Amino acid sequence: MDGVVQLQKQLVDYIASLFHEGFLDEQFNQLQQLQDESNPDFVVEVVSLFFEDSERLLNELAKALWVPFRSSSSFFNPNILFREQETIDFRKVDAHVHQFKGSSSSIGAHRVQNVCITFRNYCEEQNVEGVEPWHRCLKCLQQVKHEYSLVRNKLETLFQLEKQIIAAGGSLPAT
Amino acid sequence: MSSTNTENWMKDIGVVDLTGVGGGSTSAATKITALVVDDDSVNQTIHSKMLENLGIQNQVETIFDLILMDMDMPVMNGIEATRKLREMGVRSIIAGVSTCTRDEREQKEFMEAGLDDFQEKPLTTPKLVSILHKLNKKC
Numbered sequence: 001m002d003g004v005v006q007l008q009k010q011l012v013d014y015i016a017s018l019f020h021e022g023f024l025d026e027q028f029n030q031l032q033q034l035q036d037e038s039n040p041d042f043v044v045e046v047v048s049l050f051f052e053d054s055e056r057l058l059n060e061l062a063k064a065l066w067v068p069f070r071s072s073s074s075f076f077n078p079n080i081l082f083r084e085q086e087t088i089d090f091r092k093v094d095a096h097v098h099q100f101k102g103s104s105s106s107i108g109a110h111r112v113q114n115v116c117i118t119f120r121n122y123c124e125e126q127n128v129e130g131v132e133p134w135h136r137c138l139k140c141l142q143q144v145k146h147e148y149s150l151v152r153n154k155l156e157t158l159f160q161l162e163k164q165i166i167a168a169g170g171s172l173p174a175t
Numbered sequence: 001m002s003s004t005n006t007e008n009w010m011k012d013i014g015v016v017d018l019t020g021v022g023g024g025s026t027s028a029a030t031k032i033t034a035l036v037v038d039d040d041s042v043n044q045t046i047h048s049k050m051l052e053n054l055g056i057q058n059q060v061e062t063i064f065d066l067i068l069m070d071m072d073m074p075v076m077n078g079i080e081a082t083r084k085l086r087e088m089g090v091r092s093i094i095a096g097v098s099t100c101t102r103d104e105r106e107q108k109e110f111m112e113a114g115l116d117d118f119q120e121k122p123l124t125t126p127k128l129v130s131i132l133h134k135l136n137k138k139c
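Sequence order for the protein chains is A and B.
Position one of the first sequence corresponds to residue 1 (our numbering), numbered consecutively onward.
Position one of the second sequence corresponds to residue 1 (our numbering), numbered consecutively onward.
Treat the hints as calculated values from the structure; they're not laboratory data.
Any given hint might turn out to be false.
As the list claims (entries may be wrong) - Below, simulated DSS-like cross-link-like pairs (lysine-lysine); rule was C-alpha separation at most 27 Å, straight line:
(1) B:Lys84 <-> A:Lys92
(2) A:Lys9 <-> A:Lys139
(3) B:Lys84 <-> B:Lys127
(4) B:Lys108 <-> A:Lys92
(5) A:Lys139 <-> A:Lys92
If you're wondering where the values come from, they're calculated on a predicted model, not measured in any experiment.
With the rest of the complex left out, here is chain B (with noise of 0.2 Å):
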């Protein structure tokens, strides 16, 4: 990856320090950790290590800045373990990530369930950054 991108990225999204004081580092700045919700495993793998890729951990038992929800799963979909999560209290971002949905009445279903931003896939480091400044925006 570009590492010009990467670095304007991280900078944007507040995981490198801007200040100097941490001399450019990621010590110094935001730490951001989420989870991928996905039940395929081409996309977990993608999705994990665009995250990583900006600095950002993917963690399984922790409280999550960032989570990013697929819609189609078998046994719970997105729509309802979103609800469930907000019915629980959880306050992290959730961003739904989903193929392209015929029925707009199912994506507007989605975002009521609670979701802080929906994005299409597949998704791209671009689209992420875009979400994460959401993150940056709630804090």
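Isolated chain A (complex conformation) (with noise of 0.2 Å):
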């Protein structure tokens, strides 16, 4: 029983690094708290329904934005470069970002969504002139990319945790 307790504290204490890191906020309590008796897996399938959208999402602004590097004769001519930035349609941008932003919102994946916001700030910057927008979008993939990627291990360890008390025959702790 004392291997159960250990896991348990081990989790409380995982869960409140978690909140105090910034990775969670609040409304990923509020998902704790919908999960109940008729449905204990509910958190874990919310969670894995936001890594699906999560991992198409990425893909779509992948594309989207490295179109230019589609022709290798443009990444030594600048002004090739500001040609095709043209073709980038920001909006669509926006709409991926825009909805990344909500689904982590909704989970409490708060370092995601402050990513999102400086993400669709730059978005609405489509109209000034020159590469600039383009590369801070470019930059702003990367952290969205790099964020997602440390929220999705944490809360999958997290997950693990969980998965241990249960099969040692312990209680997950309340929330």
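Assemble the dimeric complex from its two separately framed chains, guided by the hints.
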């Protein structure tokens, strides 16, 4: 039983650290509070949906933003890069980021949500001349990917801990 | 979810019998139906669960007491959808649920399309209960 108690404490401390480091916010608590006996895997199900949607959205964003790099000759000629940037549909990019922001905020993935907010602001700068808006959007895409990857790992670790507690015959600590 | 909170919310919105005639059950109380309109599967799942936990049925083909309407949807946005529903004579409570819009004019347009209430995402159970109070007032 000592093992279970230790695991339970580890889980509580781990969740606290995720909140402290800003990976999760209060909305994750709301999600946990929706889970009940009739749907004991609700949080895992919703977060899995979030992972699926996020992978799809990241692919769509990568496609929408990397158009200029299809032309290898454009790499050395900033004028060509600039002309090709005009073919980027920033409204589409914004729509994808908006959706990503929405779903990340719904599950409490705070840092992902924050990067999406910055990303959307740069999408709005599409009317600024030069390649800066595109470069900034690319950088945001990298940041979103990074933050998503971090929170995904953290949540998978959390769910693993929960599984270990259940497998050891314990119950999950109350949130 | 704290069962005390849930029970209090359910009593608050009338889906649990307060008179004691039904033994505090849902059978003697108000039955509320709702429709969640959102293109995002994560939000659909969360909002449906919130409604279910409050004893509210999320159904597809019925006359709804409540419609939770997302603003940004690809084919028809929430403003247009709300307008169309009101033009069709739908009298359900329609609550706009959307992320904070930078454009206040857009939010005003959403309200003017026929919303009874607007709540910012992420939706929480207390926000949903606040919307449902409007339902009780309208009845």
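Comparing the hints with the structure gives:
Distance hint between B:Lys84 and A:Lys92 is fulfilled; the C-alpha atoms sit about 25 Å from each other, no more than 27 Å. For the proposed pair A:Lys9 and A:Lys139, the alpha carbon gap of about 38 Å is over 27 Å, so the pair is violated. At most 27 Å may separate the alpha-carbon atoms for a hinted pair to count; B:Lys84 and B:Lys127 meet this at roughly 25 Å. In summary, the hint linking B:Lys108 to A:Lys92 is supported, as the alpha carbons are separated by about 24 Å, within the 27 Å threshold.
For the hint pairing A:Lys139 with A:Lys92, the CA-to-CA distance comes to about 17 Å; that is within 27 Å, so the pair holds.
When held up to the earlier numbered hints, the structure conflicts with hint 2 and nothing else.
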